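At position 125 of the sequence shown (counting the first as 1) the number is 129 in the working numbering, and the numbers step up by one without a gap.
For the record, the hints were derived by calculation from the structure and aren't laboratory data. Being a predicted model, the structure only gives us computed values, none of them experimental. Ideal Cβ positions, reconstructed from N, Cα and C, are used throughout, including at glycine. No false leads were mixed into what you were given.
Here are the computed distance ranges between Cβ atoms for each label pair:
id, residue 1, residue 2, range
1, W98, W65, 17 to 27 Å
2, E21, R73, 41 to 51 Å
3, T16, S83, 21 to 31 Å
4, Y19, F108, 12 to 22 Å
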Amino acid sequence: MDQASKYAVERTIEYGERVEINSILNIVHMMNPGAAFSLLADAGGWQRYFFIALASGVSVWLVWTMRRRPTRLEAASYSMLLGGALGNLVDRVWRGSVVDFLDFHWSYSHWPAFNLADTAIFIGVCIFIVSTIGSRNHQVHDEGDNSDHENNKGMR
5 MDQASKYAVE RTIEYGERVE INSILNIVHM MNPGAAFSLL ADAGGWQRYF FIALASGVSV
65 WLVWTMRRRP TRLEAASYSM LLGGALGNLV DRVWRGSVVD FLDFHWSYSH WPAFNLADTA
125 IFIGVCIFIV STIGSRNHQV HDEGDNSDHE NNKGMR
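Using the sequences plus the hints, can you model the full thing?
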């Protein structure tokens, strides 16, 4: 979906053009040589190779981690992160920078343009946080049960 949407934007919208969808969403055709919020966008070109290496390394680590049979929630998180990383990696390799096209705004404030790969990464991070909090709460609950059980053993 990420690559198909980027291809559609490239074929139908001129670079820099803005198409208003409704009062809060525009579709734009932007190229981002940097990372989130255009971090390092003006770094002179070396950042392309840095982000290719970073995305490749993270992708390999995610695949390795998923082979260790994570919980379903962790697997969903890792899958979203992997899909997003690979989507933007393909852009950096083929296009030299990432195609961004979703432009949300309210009044005079604009969120930086982003794409479906970025959305997958964001959702993956949110799921990871939820799964981490859930597993910690579960561990604390289990540890509390075990200590109560141990305390009750001595009372028999």
